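Participant: Just need the whole structure built from these sequences, with the hints factored in.
So the sequence shown is numbered by the working numbering: it starts at 1 and just counts up by one.
Hint data in this document are derived by calculation from the structure and do not stem from the laboratory. Be aware that a few hints might be false.
Label-pair ranges, simulated between beta-carbon atoms [stated by the list, open to error]: (1) Asn53 x Ser102: 17 to 25 Å; (2) Gly90 x Pro41: 37 to 45 Å; (3) Asp141 x Gly85: 13 to 21 Å; (4) Gln56 x Ile88: 23 to 31 Å; (5) Gln56 x Ser169: 34 to 42 Å; (6) Asn165 x Pro99: 18 to 26 Å; (7) Arg98 x Arg69: 18 to 26 Å; (8) Arg55 x Phe124: 18 to 26 Å; (9) Asn57 x Asn151: 24 to 32 Å.
Predicted model only: the values in this text are computed from it and were never measured. No residue lacks a Cβ here, since even glycine has one placed at the ideal position from N, Cα and C.
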Amino acid sequence: MKGSLILTLSYLITAVWAGGYQNCLERVWLFQSFLIDQHNPERDRQIGYQCNNWRQNRCVGNWVPCRGRQGRAQCNYDDFQQFLGNMIPGMPLQAAYRPDGSLDSQQTAVNCLWAWRGQNRPPFNFRGYKAVKQGRSNHNDFIYRIGQINNDNYNKPAVRAAAGNAAFSRVDDTLTKITQSRVADHGRHLIPLAQAGLPGVTIRTKDIRTVAGSDHNHCQQPLSLVLRDNERYREDGMEDLRIFRLFSSGALQFAHVIRSAH
1 MKGSLILTLS YLITAVWAGG YQNCLERVWL FQSFLIDQHN PERDRQIGYQ
51 CNNWRQNRCV GNWVPCRGRQ GRAQCNYDDF QQFLGNMIPG MPLQAAYRPD
101 GSLDSQQTAV NCLWAWRGQN RPPFNFRGYK AVKQGRSNHN DFIYRIGQIN
151 NDNYNKPAVR AAAGNAAFSR VDDTLTKITQ SRVADHGRHL IPLAQAGLPG
201 VTIRTKDIRT VAGSDHNHCQ QPLSLVLRDN ERYREDGMED LRIFRLFSSG
251 ALQFAHVIRS AH
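Facilitator: Below, the structure is given as structure tokens:
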């Protein structure tokens, strides 16, 4: 998990602003992380707390935990979204569950996307101080912090045993979906940034269209990278190259979801 975390954080903390499908996936990822964090003693839990009085970029009030609604001992996904302020009046419930009771990350994210579309509004980046103890207002800082908490929980034998390896696998799987969908959603931004930020690399692209012969609704998909004969880049830039290749591969599977929201 640690390797996955390091690679993912290196891409998530970029200047490309989150939005759309990947933003909904981030909500799922946060909830999955919350479920794992609940296996800590109450005093050590961090996710699922929000400041009830935030002023001048700091918490001057108390950190209040999410409480289950309708008699539930623990917040379910939709309780959690209500707690975070991620749902507005008239919005349908979004959680989709598998037969084993675990959250279906992809279908829940799709439900989230269409729920927001039904309100003629895009999903927004919620503030870290509404989701995690000592959180801030910066979204990238929030993403990094949740990743670090997940990594710490993975390295706690008692928490890992109580949560089960499947819970951590689900977190990693959703994290992979986030990075892949961000590439698919922001390919038009990623490609120029990669061309500027990966000197010595030729980036080949392929135009992917919704319908064969269509002149619109297309996206530019990173297809392959070619490393030029540049020994210095081979030494200094291989990690950047590996990260870009990792997140560009597989992004195509989300194209139909991304296009449906445009």
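Participant: The structure should be examined with respect to each hint, and the outcome stated for every one.
Facilitator: Tested hints:
no.: 1; hint: Asn53 x Ser102: 17 to 25 Å; result: violated (35 Å)
no.: 2; hint: Gly90 x Pro41: 37 to 45 Å; result: holds (39 Å)
no.: 3; hint: Asp141 x Gly85: 13 to 21 Å; result: holds (19 Å)
no.: 4; hint: Gln56 x Ile88: 23 to 31 Å; result: holds (27 Å)
no.: 5; hint: Gln56 x Ser169: 34 to 42 Å; result: holds (41 Å)
no.: 6; hint: Asn165 x Pro99: 18 to 26 Å; result: holds (19 Å)
no.: 7; hint: Arg98 x Arg69: 18 to 26 Å; result: holds (22 Å)
no.: 8; hint: Arg55 x Phe124: 18 to 26 Å; result: holds (21 Å)
no.: 9; hint: Asn57 x Asn151: 24 to 32 Å; result: holds (26 Å)
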